[in-house]
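There are 2 protein chains.
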Amino acid sequence: MNGRAAVRGPWRIGLAGLGVVGGALLKFLAEQPDFAPSGERAAIAGVSARSQKDRGVDLSAAAWFDDPVALAGSPDIDVFVELIGGSEGPARAAVTAALKAGKPVITANKALIATHGLELAKLAEAQGVALFYEAAVMGGVPAVKLLREGLVGEHVQSVVGILNGTCNFILSEMERSERGFAEVLAEAQKLGYAEADPTTDVGGFDAAHKIVILAALAFGGAPNLGAAEIEGIAAVDLIDIKLARELGYRIKLIASAEREGTGASIRVNPALVPLGHPLAQAGGALNALFIEGRRIGRFYMQGPGAGGAATAAAVAADIADVIAGARRPVFQRPAGDLAPLKGADRAGHRDKAFLRLMVRDRPGVIAAVSEALAKAEVSIDSFLQKPVEDSGHVPIVLITHPASAAAIAEAVDHIGALEAVVERPRRIRVARI
Amino acid sequence: MNGRAAVRGPWRIGLAGLGVVGGALLKFLAEQPDFAPSGERAAIAGVSARSQKDRGVDLSAAAWFDDPVALAGSPDIDVFVELIGGSEGPARAAVTAALKAGKPVITANKALIATHGLELAKLAEAQGVALFYEAAVMGGVPAVKLLREGLVGEHVQSVVGILNGTCNFILSEMERSERGFAEVLAEAQKLGYAEADPTTDVGGFDAAHKIVILAALAFGGAPNLGAAEIEGIAAVDLIDIKLARELGYRIKLIASAEREGTGASIRVNPALVPLGHPLAQAGGALNALFIEGRRIGRFYMQGPGAGGAATAAAVAADIADVIAGARRPVFQRPAGDLAPLKGADRAGHRDKAFLRLMVRDRPGVIAAVSEALAKAEVSIDSFLQKPVEDSGHVPIVLITHPASAAAIAEAVDHIGALEAVVERPRRIRVARI
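Line order of the protein sequences matches chains A and B.
Heads up, the first sequence is in the numbering used here, so the first residue is 1 and it goes up one at a time.
Heads up, the second sequence is in the numbering used here, so the first residue is 434 and it goes up one at a time.
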């Protein structure tokens, strides 16, 4: 299964992509070439990257490849590590080439696995080689191994967590420093916590890639990005963070997958989490995950969701697993038995919602808002009116009792149409946890 | 490595011990014989237990063995599962027999692994078969897999957690219901949360077995029970729980292993944990664990530390790993390279301590206590004096700044010798977390 049963000497690693994680992996292998439990050695035999700049590690023993696909197919490597990123282009081509050449592949590429996981799993299993991707989800937190091996046979009901450290940092920092999204994002970019083009992170897509992979492992399907409902954090206002807090909640970017029939309801969106809940307390760049299952009840873990050293350690753990030579399917079951995980019809879902309005300070407004909610058959769980703002407008926030998305949308329409309401109400889901 | 590369048909499991976990495993395998990711089946082929009473599962297809050693050596089983318990006697004899017969062994027996782990690992590795024990530590929480595989190559600095659900339940319940240890223990026994002979749990020995195993995996040695300092919870008074709380702490039975030089400082004892800390919030029968490492920083997980279904799921995960056929050492490294983990000299350790005194209500007492502390060169971090109790005595609690165990002991001696102090001061460590 590991593709080189009879070879002696160190395992020859081909590494494509020398960014933060790639650089940390070079350092890991240079410091601890014998890290595998068996004591067998692993060494970088070939590298490919966009530039040959110095990474502080002696690469003179490794062959340089301008083309990652050529590296992937090279007869001089035993294992191919893909740290290029992106669901298409060179990453996809190189991973496919390595598998076709009968080489085990390790990747940190969540977009690739979330988008083409089933096709690649079929290829890997047909070739009898491993395709591992621990580093693709939650960085140094072994969520993939946990679901694939630790909870094997478990009937998982839900997987809910904080899977994007950039968004978690931005939301934490907005609350801490009482600054708006744009300002904190700019700072995060300066600190290297956010990319120059932050869309993948702040748009919720990175978290969506990850929850789609976890859902596949948890519920026994192949990743299906199309089944995910995705909303990012760019529209979260500081005032919502502050008002949510007064009602006893913190706003987090929550990724969740809940089993429904033969499919799953998969969502990424900003959501209110009660302040006392562990997910509310996982601040900064942490990642956190709850898994609920029939036998284990509730399992929780949190740790570093990103960072070069932690993510490189996850890649190294996968290398050790290749060396250990376990015969495992890529997902929960052999790929031939899998279909893309079905999305769930959410019409019947009933969630609590946080609604924030800006109204003109005049008599009768609260009665009008209550009536608008009642017309949509949405009832109120808690309510908070704040003093008049400089704008002359009054912020009102309320949390509804659980109601369908359609009913909430209707209520928002009714409220938005009121003459005293000066802008369309902001709606944020309350997390089901 | 898995001991039957060429056999077809279901994997034949021999199960010794049909208590709560054994019964749950019977149910698991009856419901999901094809739970292994490869789809290969596993079925109970032989059982051994003290009585043949009905367990609600049809065992007619399984051979009955009065002697677990005979079951372990039977040619009609492929994998031996030991759920008998105890470090000596039939459990040790049967595990040894199975390994000698070249069969992979799975055990939930923490006492056995903590006491004879190195000898059994050497035997298993010489025979080329697996010896897995995920269910021995933290029930349904895959702590063993995490340290052995997820954090391979990591330089772990410390492992600190709550590893005994019975003690955690008792301490939580003492606080909740404001009842004393003996009364809550009796209730726990009635509810089945504590054994008729509770010594292993409340004496701290069960937690010690577990932390000794985790320390071996974390620091690269063999389990060394002799290196552990062990103190149970029987001496924790309700008044200490209440007073600790007023100072912002909760008392938990904390198991910890900290790397020191080439060894580790391993301790199990009641300790104060700040109320806001996740370990303080893991109540009831939960288990929880912090792992701190050079690359991952701080990793935390919590889940069900016991319970038949959760622990049986851990056994099943080990069965799946046997089926997957990975070649892994029993501990972090091949047993031939391991020595029992060295204990650390604790003379240089400096911990904060909680001291609780009962004093006569008279002038000058506090000055005398302060002087006694100063004489031992122990300084005070926080101090609380409560109103006179019915006994006519006044409880005083204080938390010291970090000081050596010798200095604290000296301070306790000085204070205990004061005329106004009516009983020997109670001392509880403040956890280093």
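Treat each hint with caution, since some may be false.
Just some of the chain B residues that point at chain A, by a computed CB distance under 7 Å [what the hints assert, rightly or not]:
no.	residue
1	Trp-497
2	Gly-717
3	Phe-732
4	Met-734
5	Ala-743
6	Ala-746
7	Ala-749
8	Arg-761
Per the computed footprint, the stretches of chain B lying under chain A, defined by three or more beta-carbons under 8 Å from a beta-carbon of chain A, are [claimed, not checked]:
no.	region
9	553 to 565
10	654 to 664
11	672 to 682
12	823 to 833
Example chain B residues on the side facing chain A (calculated, C-beta under 10 Å, incomplete) [unchecked claim]:
no.	residue
13	Gly-452
14	Val-453
15	Ser-507
Source of the hints: derived by calculation from the structure; they are not laboratory data.
In this text, a Cβ means the ideal position worked out from N, Cα and C, and glycines have one as well.
- Structure-inconsistent hints, enumerated in ascending order: 1, 2, 9, 10, 11, 12, 13, 14, 15
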